[in-house]
Amino acid sequence: MNKVVINIRNDVSELHEISAALEDVSGKWDLSAKSAMHINLALEEVITNIIFYGFNDKEEHRISIEFIKEKDGVKIIITDDGNPFDLPAAEDFMDKEKTSESREIGGLGIHFVKTLMDRMSYKRKDEKNILTLYKETV
Amino acid sequence: MNITKEKKDDINVLKIEGRLDTTNYSDLEDLLVRLTENNEINILLDLSALEYISSSGLRILLKYLKVIKAAEGRFMLCAMTTDIREIFEISGFVNIFEIFEDQATALKS
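Sequence order for the protein chains is A and B. In short: position in the first sequence from 1, add 3, done, that's my numbering. In short: position in the second sequence from 1, add 32, done, that's my numbering.
No lab work stands behind these hints, which were simulated from the structure alone. Each hint should be verified, as a subset may be incorrect.
[Said to hold, decoys possible] Reference listing, derived: stretches of chain B covered by chain A, where coverage requires no fewer than 3 residues with Cβ under 8 Å from a Cβ of chain A:
1. 49–57
2. 86–99
3. 116–128
[What the hints assert, rightly or not] Some chain B residues flagged as far from chain A (calculated, every beta-carbon gap over 12 Å):
4. K40
5. N44
6. L67
7. N71
8. D134
9. K140
[As the list claims (entries may be wrong)] With a straight-line Cα cutoff of 25 Å, these simulated SDA-like cross-link-like pairs (lysine to any residue) come out:
10. A:K37 x B:T54
11. A:K37 x B:M33
12. A:K37 x B:I122
13. A:K37 x B:I131
14. A:K31 x B:I122
Even for Gly, the Cβ is constructed at its ideal location relative to N, Cα and C.
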């Protein structure tokens, strides 16, 4: 089986579903603990961002996460029906001119995603956000 | 996540086991609030059994580093695994925190 799909509610208590799914695919697909952790970190950032900023109502929404095994890595497709993404630039975060004490922490999440994943793409289709992450594992 | 607290001399050693993430960072924050409010401002985090830390966890560490520094205390980290250290490197936090090999080295410093 080269694909695992989970469907979670827009609630942070659902984050453990992601780690459980990753544990599952790590065993099946022989992912290293490090690769699994990197994917988990990137997903936690993306999903919490969707949960906290993606929806204007108080309704329940579903977020779909597909893990697909490919020849040299894992593709992860996240689909939600929230507001369109506004992916901020992470470059400012690592600005060496800023001292540690004044460094803004807000960009850390997106910096993680960009650093830990090898590729990333985004499209808006049929009122849905489709974010694709790719982690090379060889 | 499980946190155990032990006092060694005037330093509170907190050993964090498991995962520190968006779902549970407030448990660590609650403990750090209690300690700093009681003027327990010398804290060493033993991260030898920490398996995962997300940006929510890192934010709490940075927040309390600032609180403790302002109170002229010390907030130290020790014994992180290679994978956890890599996350600290990516976040730039290795240059911000005092990080030691193990508890003994930190306590002697």
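Next on the checklist: Under the constraints set out in the numbered hints, which ones does this structure not fulfil?
Outcome noted: 14
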